[in-house]
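Undergrad: One-letter residues, chain by chain:
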Amino acid sequence: MKILTGNDLKTGSVVWWDGQGWSIYVDDAVDVGDAADGIMAREEAACRVNNPYAIDGEKTADGVRPAHIKDRVRAYGPTVRPDLTLKPADPEAGNWVI
Amino acid sequence: MYRYDKYDQAMVDARVEEFRDQARRRIEGHLTDDQFKPLRLKNGLYLQLHAYMLRVAIPYGTFDSRQMRKLAHIARTYDRGYGHFTTRQNIQYNWIKLEEAADLLGELATVEMHAIQTSGESVRNISADQYAGAAADEIIDPRPWCEMIRQMTTFMPEFSYLPRKFKIAVIASKVDRAALRWHDFALRIVKNDAGEIGFEVYAGGGMGRTPFIAFKIRDFLPTDQIFSYLQAVLRVWNRNARRDNIHKQRMKILVHELGEEEFARQVEEEFQHFLTLATDFPQAEYDRIAAYFAPPPFEQGLSDEIDRSDPEFALWVDRQTVAHKAPGYAIANISLKPIGGIPGDISADQMDLVADLAERYSFDEIRATHAQNLVLPHVRKQDLYAVWQALTEAGLADVNLDLVTDIIACPGLDYCSLANARSIPLAQKIAERFADRQRQQDLGELKIKISGCINACGHHHAGNIGILGVDKKGSESYQLLLGGSGDEETSQAKITGPGFDENGIVDAIERTVERYRAIREPGERFIDTYRRVGMDQFKEAIYG
Numbered sequence: 001m002k003i004l005t006g007n008d009l010k011t012g013s014v015v016w017w018d019g020q021g022w023s024i025y026v027d028d029a030v031d032v033g034d035a036a037d038g039i040m041a042r043e044e045a046a047c048r049v050n051n052p053y054a055i056d057g058e059k060t061a062d063g064v065r066p067a068h069i070k071d072r073v074r075a076y077g078p079t080v081r082p083d084l085t086l087k088p089a090d091p092e093a094g095n096w097v098i
Numbered sequence: 001m002y003r004y005d006k007y008d009q010a011m012v013d014a015r016v017e018e019f020r021d022q023a024r025r026r027i028e029g030h031l032t033d034d035q036f037k038p039l040r041l042k043n044g045l046y047l048q049l050h051a052y053m054l055r056v057a058i059p060y061g062t063f064d065s066r067q068m069r070k071l072a073h074i075a076r077t078y079d080r081g082y083g084h085f086t087t088r089q090n091i092q093y094n095w096i097k098l099e100e101a102a103d104l105l106g107e108l109a110t111v112e113m114h115a116i117q118t119s120g121e122s123v124r125n126i127s128a129d130q131y132a133g134a135a136a137d138e139i140i141d142p143r144p145w146c147e148m149i150r151q152m153t154t155f156m157p158e159f160s161y162l163p164r165k166f167k168i169a170v171i172a173s174k175v176d177r178a179a180l181r182w183h184d185f186a187l188r189i190v191k192n193d194a195g196e197i198g199f200e201v202y203a204g205g206g207m208g209r210t211p212f213i214a215f216k217i218r219d220f221l222p223t224d225q226i227f228s229y230l231q232a233v234l235r236v237w238n239r240n241a242r243r244d245n246i247h248k249q250r251m252k253i254l255v256h257e258l259g260e261e262e263f264a265r266q267v268e269e270e271f272q273h274f275l276t277l278a279t280d281f282p283q284a285e286y287d288r289i290a291a292y293f294a295p296p297p298f299e300q301g302l303s304d305e306i307d308r309s310d311p312e313f314a315l316w317v318d319r320q321t322v323a324h325k326a327p328g329y330a331i332a333n334i335s336l337k338p339i340g341g342i343p344g345d346i347s348a349d350q351m352d353l354v355a356d357l358a359e360r361y362s363f364d365e366i367r368a369t370h371a372q373n374l375v376l377p378h379v380r381k382q383d384l385y386a387v388w389q390a391l392t393e394a395g396l397a398d399v400n401l402d403l404v405t406d407i408i409a410c411p412g413l414d415y416c417s418l419a420n421a422r423s424i425p426l427a428q429k430i431a432e433r434f435a436d437r438q439r440q441q442d443l444g445e446l447k448i449k450i451s452g453c454i455n456a457c458g459h460h461h462a463g464n465i466g467i468l469g470v471d472k473k474g475s476e477s478y479q480l481l482l483g484g485s486g487d488e489e490t491s492q493a494k495i496t497g498p499g500f501d502e503n504g505i506v507d508a509i510e511r512t513v514e515r516y517r518a519i520r521e522p523g524e525r526f527i528d529t530y531r532r533v534g535m536d537q538f539k540e541a542i543y544g
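Going down the list, the protein sequences come from chains A and B.
Just so you know, the first sequence maps onto residues 1 to 98 in full-length UniProt numbering.
Just so you know, the second sequence maps onto residues 1 to 544 in full-length UniProt numbering.
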C-alpha cells in the first residue's frame with residue numbers, strides 16, 4: 001500500500017494521512033493509491049502539513065507498517081526512549097521497528 | 001566570561017522578533033517550506049524525524065549557572081525534560097514546536113544566549129579547549145580571540161551566504177583537546193623565539209563524506225592580524241568554491257583541488273590586501289574583551305592535598321580531574337556517559353544540579369566539551385569530595401573520561417533525518433559490554449566514536465575505533481574503522497573491511513580490543529599500539 005506521511009507544521013509531530021486528515025498514529029494510515037500527489041499538494045497549500053511524502057507500507061494483522069526503517073522509527077519514536085513514544089506503557093510496542 | 005553589551009543584546013532581541021514574524025508567516029501560509037527553511041536554519045531550527053530540533057549556541061563551550069538553569073527551564077517547558085550536548089560544544093533539544101520556537105528564543109535572549117549560526121551555510125559556533133583559562137599547560141586563555149572572532153563573523157554580510165558551513169577552533173596548548181585539525185580553520189596559540197604570542201594557523205580540515213586533516217598554512221601569525229587573515233581565507237574560499245555541487249562546497253575540497261601551495265598563495269595575496277584596509281582590531285579592543293576572561297579570584301595558599309580515604313572518590317579523582325594552573329584547584333570533568341545511557345543527554349534536574357555546583361564551587365563557570373561531557377573548570381581540591389557526592393546522587397559521577405565507555409555518538413537514526421543507522425543503541429551495547437570498571441581502567445585511553453551516516457557528526461574519522469552506520473538494503477549495517485585521532489597527532493581512521501550488523505560490530509570491537517591487550521607494550525595506549533603494528537594485526541583478529 002502507499003501511505004502518506006509528513007510533519008505537522010506547527011508542532012513538528014509525525015503525522016499520517018487517515019483519509020480525512022492527519023493522525024499521529026501510523027495504524028490510522030490509509031492506502032492512497034495514485035492520489036498521493038493531489039492530497040499532498042492540497043494539504044501543503046492549506047498549511048496543514050510540512051514536507052509530506054508518499055512511502056510504501058504494509059497492512060498487517062497488528063497494524064500499518066512502513067516499509068523503510070526510517071519511517072518505522074518515525075512511526076514509533078526514538079527506540080532509545082520508549083518512554084517518549086506513543087505507547088510508553090507497552091514494552092512490546094516497538095518490536096516491529098527494527 | 002563575556003557579557004553582552006547593549007549592542008549584542010539589541011541584535012539578539014531583534015533577531016528573535018524577526019524570527020517570530022518569519023514563523024508566523026510560515027504558519028499562516030505566506031511563506032512556503034522552501035522559503036522558510038533557510039530562515040529557520042539560520043536560527044538553528046531543523047526539522048528532524050520526530051519534531052523540530054533546536055541547536056543552541058554555547059560559544060567556545062563556556063557558560064554559567066544562570067544560563068544552565070535557563071537551559072533546564074527550556075527542557076521542561078518547551079521540550080520533554082532533557083537536552084543533548086553535541087560535538088560542537090552546543091546543546092540541542094529534540095521536541096520543539098514551531099509555534100513556540102520564538103518564545104523559546106526570547107527566553108534564551110534573556111540570558112545572553114541564542115541559536116544564531118548553529119546551522120546553515122555560515123561560520124558555526126567557535127570551539128575551544130574546554131579547559132581554557134584553567135589548564136596548567138596553556139600559554140594564555142584562548143577565549144578572548146574566540147569571542148572576537150565570534151563577533152567578527154556573526155552577521156558579517158560577505159560571509160552570510162557561504163558555500164557551506166565553516167568551523168573554527170582555537171587552542172593554546174601543545175596538547176590538542178579540541179580536534180583542531182579536523183576544522184576548516186584552526187588556531188593554536190604559540191610563543192615564538194622572541195617570546196611573542198601568535199597563531200599557528202591550520203586550514204582545510206573537516207570530516208563528513210570526504211575527510212581531510214587541515215594543513216599548516218602559517219607557522220606564526222601575529223595575533224593582531226587575525227581578522228585580516230581569516231577574512232582572506234574566507235574570501236578565497238567564498239570566491240572559488242564549487243557552489244554547483246553540495247558535496248564539494250566545503251573549503252577542504254577547494255584546498256584539495258587547488259593544492260595547499262596554491263591555496264596558501266591566494267590567501268597570502270588576499271591577506272596583504274586586507275592588511276592595507278586596517279580592519280584588524282586595535283589593542284584596546286583586545287584588552288576590553290580579554291578583561292571579561294580575567295582569571296577568577298583564586299584563593300592563595302590552598303593545600304594540594306586531597307583526602308583519598310574513600311576509595312570510590314579516589315577513583316573518580318584519578319580519572320575525572322585534571323591539573324589546574326592555580327595551586328589548590330582542579331578541573332573536574334562530569335561524565336555524561338553513564339553505562340547504558342545516551343551519550344551527551346542530560347535531564348533538566350541534572351542541569352540544575354550542575355548549575356548549583358558551578359555556582360557554589362567553580363566560580364559560576366561550566367564548560368561543554370566536544371566529547372559530549374561537562375566540566376567544572378575551577379574547583380578547590382578541598383571541595384572535590386562534596387562535588388563528587390552531589391554528582392553521585394545525581395547519577396553524574398561515572399568514572400570513564402577518555403576510556404572505552406566514554407563514547408561519542410551522534411543522535412543517529414533515533415532522531416536525525418539524515419541518518420542511515422542508529423548510533424545510540426550501539427554506544428549503549430558497547431558500554432554495557434565493557435562496563436566492568438577494572439577492565440576499562442586496564443584498557444586505558446581508548447576513544448570510540450560513532451556516526452549514523454557519512455556526515456560524521458559522531459567524529460568516526462577521528463576515533464581510535466570509529467563506527468560508521470550505513471543503510472544496507474534497508475537494514476542497518478556498521479563499518480569498523482581503526483586508527484583515527486583528534487589529538488595533536490591527528491590521524492584519519494581507516495576501514496577494516498566488510499561491515500557488521502548491530503551485534504556483530506560489538507563482537508568485532510571486543511576482538512579488536514583484546515588483540516590490543518595481547519600485543520601492547522608497557523605504557524602503550526590503543527592508538528600507540530595501532531600505529532606501531534598497523535592494521536593487519538587487527539584485521540586478523542577481527543576477521544580471522
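I should point out that these hints are in silico values taken from the structure, not numbers from a laboratory.
We treat Cβ as the ideally placed atom computed from N, Cα and C, and that holds for glycine.
Treat the hints with care, as some may be off.
Claimed, not checked - Here are some chain A residues pointing at chain B (derived, C-beta under 10 Å):
id : residue
1  : Asn-51
2  : Ala-54
3  : Lys-59
4  : Asp-62
5  : His-68
6  : Lys-70
7  : Pro-78
8  : Thr-79
9  : Val-80
10 : Leu-84
Undergrad: Hints first: check each against the structure and report whether it holds.
TA: Now for the hints, and whether the structure bears them out:
no. : hint   : in the structure
1   : Asn-51 : holds (6 Å)
2   : Ala-54 : violated (16 Å)
3   : Lys-59 : violated (19 Å)
4   : Asp-62 : violated (19 Å)
5   : His-68 : holds (6 Å)
6   : Lys-70 : holds (6 Å)
7   : Pro-78 : holds (4 Å)
8   : Thr-79 : holds (6 Å)
9   : Val-80 : holds (5 Å)
10  : Leu-84 : holds (6 Å)
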